[in-house]
Structures are given as structure tokens and as C-alpha cells.
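Chains A and B, in that order, give the protein sequences. First residue of the first sequence: 1, per our numbering; consecutive thereafter. First residue of the second sequence: 227, per our numbering; consecutive thereafter.
No wet-lab data here; the hints were simulated from the structure. Positions of the beta carbon are idealized from the N, C-alpha and C atoms, including for glycine. Be aware that one or more of the hints could be misleading.
Claimed, not checked - Label pairs and their calculated CB-CB ranges:
| no. | chain 1 | residue 1 | chain 2 | residue 2 | range |
| --- | --- | --- | --- | --- | --- |
| 1 | A | V8 | B | L229 | 41 to 51 angstroms |
| 2 | A | F19 | B | I252 | 31 to 41 angstroms |
| 3 | B | K329 | A | V103 | 36 to 46 angstroms |
| 4 | A | I185 | B | R288 | 25 to 35 angstroms |
| 5 | B | K312 | A | F48 | 25 to 35 angstroms |
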Amino acid sequence: MSRREELVVGIRDALPIVFGYLPIGVAYGILAAQTGLSDIVTVSMSVFVFAGSSQLITVNMLGGGAGVLPIIMMTFLVNLRHLLMSASMSLHFKEADNRLLPVLSYIITDESFAVSSANLPKREKKEIYFLGLGITAYLAWVISSWLGASLGSFLPSSGSLGLDFVLPAMFIVLLVLQIKDSLDILVAILAGLFSLLFVYILPENWNIILATVVAATLGVLLERWS
Amino acid sequence: MELKYVIMIAGMTLVTFIPRFLPMAILSKLEIPEIVIRWLKYIPAAILASLLAPGILMDDGRLALSLHNIYLLAALPTFLVAIYKKNIFLTVVVGMIAVVILKAFIS
């Protein structure tokens, strides 16, 4: 297959991701606009950070008056999961040009990882395929958040559209997708309980970071124990 | 753009890019210890649960385990769709519809 054909297959395989990103990107843009963020801040976050759940959480935290440091800490922890995806994808890109690695890793997301790890083993020019897939998804995310930001100022308040539940609903499904065994369920329940407990004794939003670290550590300990 | 947001976006970009890039760049030379990998595997579920719990179990800074808590009620069908369909888009849509309907009945 030619490079051009590989690229086209990558773009085609990104289409389900594009349809998944559109509503979430638009919702992100609308929520950001209604939290009072300017279009340039909203779209810049999509262009540079390109990590949906952390961007939505950031909007949520800014709405609650959070400072810059907790937001950056939260972003780090939320996006730490990419470590594992990057590690796993590195196996496919051993032959790739080193100069491409920053771009290839920039476009790793839950979705591009999920779709490409199913397809990469059978692709010939793996990096070209992944570039087609990842850049298409990237553009869909940036354009849909810009669309949402532009719409945000015209729409009624987010509550009446159910947009206030986009984030919890997304957390729910992403959480369900993470559950592989009963220990995962236990860790999730522990994290939820600690988060509720810490909310009373810690400054805004640090409860999430501490609860996550404690629950994940307990998970590893329980693993050894059982 | 306000300086606060420039710093915020620059910081977020950096801390997001590093975990995406480092393993791909150095994994061939460095082995991540088993125990760190296992710890990392729990991070996504733990983060999502600790973000979710206050959102659906609290209202106005207080524990809200009642039938008046719309988000808690909406979470039930949302969880069911998530578990049985495992589809992000569908789950989000069902959650939004559930909230809109519940708000019409409970307020």
C-alpha cells in the first residue's frame, strides 16, 4: 500500500472518533463560554493540551474558582494514563523516524489508542496510518470546541439542555470502560469514598488528587494481599 | 489573553505532553518496574471515581443521598447504558436526557 493509501485508511478509521468528539467538543466549548472563558482561551486549550476530560474538568474547576496549580496537578494526574498507552504504542513505532515521535505521541488519546491498537498490527506503514487517524481526530476536537465556544454565548444556560450532566455522564462511561476485575471496582469505590471524605478537610479539588493516589496505592497493596 | 490562562495552558500542555512522549521516546532503553505499571493501571479508574463521587453524591457542598438529588437519579440509567452498551456518545446522550426529564418532574 502506498503512503497515500495508508493515510486515507487512517482518516477513514478516525470517523467514529470524529462523531464521538463532535458532541463532547461542542459541549466543552459551550460550558467554557458559559463559565466566562474567552473563545481564544477555550480553543487554545484544545489546540495545545488536546485532552478532552482534563479540559472539561478544568472548566469545571475554573467555574468553582480553582487556582492554576491545582488545575495543572489535576491535568497531570488525569493524563498520566497516557504513559501506558505511549509505552504500548512504542512497540509499533520502533522503525519510525525519530523526528515523527513527538507528533505521534502528541495525538495519543483514549480513542485513537483504542482504535489504532486494534488495527496497527495489520498496517504496513504504521506511522502514516496513525498520523492520518490522529490528526483527523485532533482537527475534529479543535473545530468542535471552537463551534461550541461560538454557540455558547447564544444558547440558554447549560442547565436547561442537560449539559451540566455531560461531565458526570462521561466520567461514568469512562469509569465503566476502565473496570476489568473486582479489584478495579474496589479501587473505584475506595477512591469515591476518600474523595467525599477529603472534600471536607482539604482545599478545593485536592481531594481528587489525594483520593486517587491513596486508592491506587491501596489497590496495589490489596493485590499482594489477596 | 490573561497571563493566568497563558500559564495555565502552558503548564497543562507540558504535563500532558510528557507522559505521552517519554515512554515512546525512551522505552526501548528503559524498563518500567512492574509495581509502577500496576499502580499506574489503577490511576484512571481511581481518578474518574473520585471526580464522579462528589458530583453525584453531593449537592451544594453537602452529602445528598436522597430522591431529590437529580444527578444521583440520572446516574442510574447512565450507569446502566454505560455497562451494557460501553459507548461514550450514547451514554452521554442518555445522561443528558435523563437530567432534562428529571428536572421537569422534580424541582
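Checklist entry - Can you name, in rising order, the numbers of the hints this structure does not satisfy? => result Going through the list in order, the structure violates no hint and respects every one.
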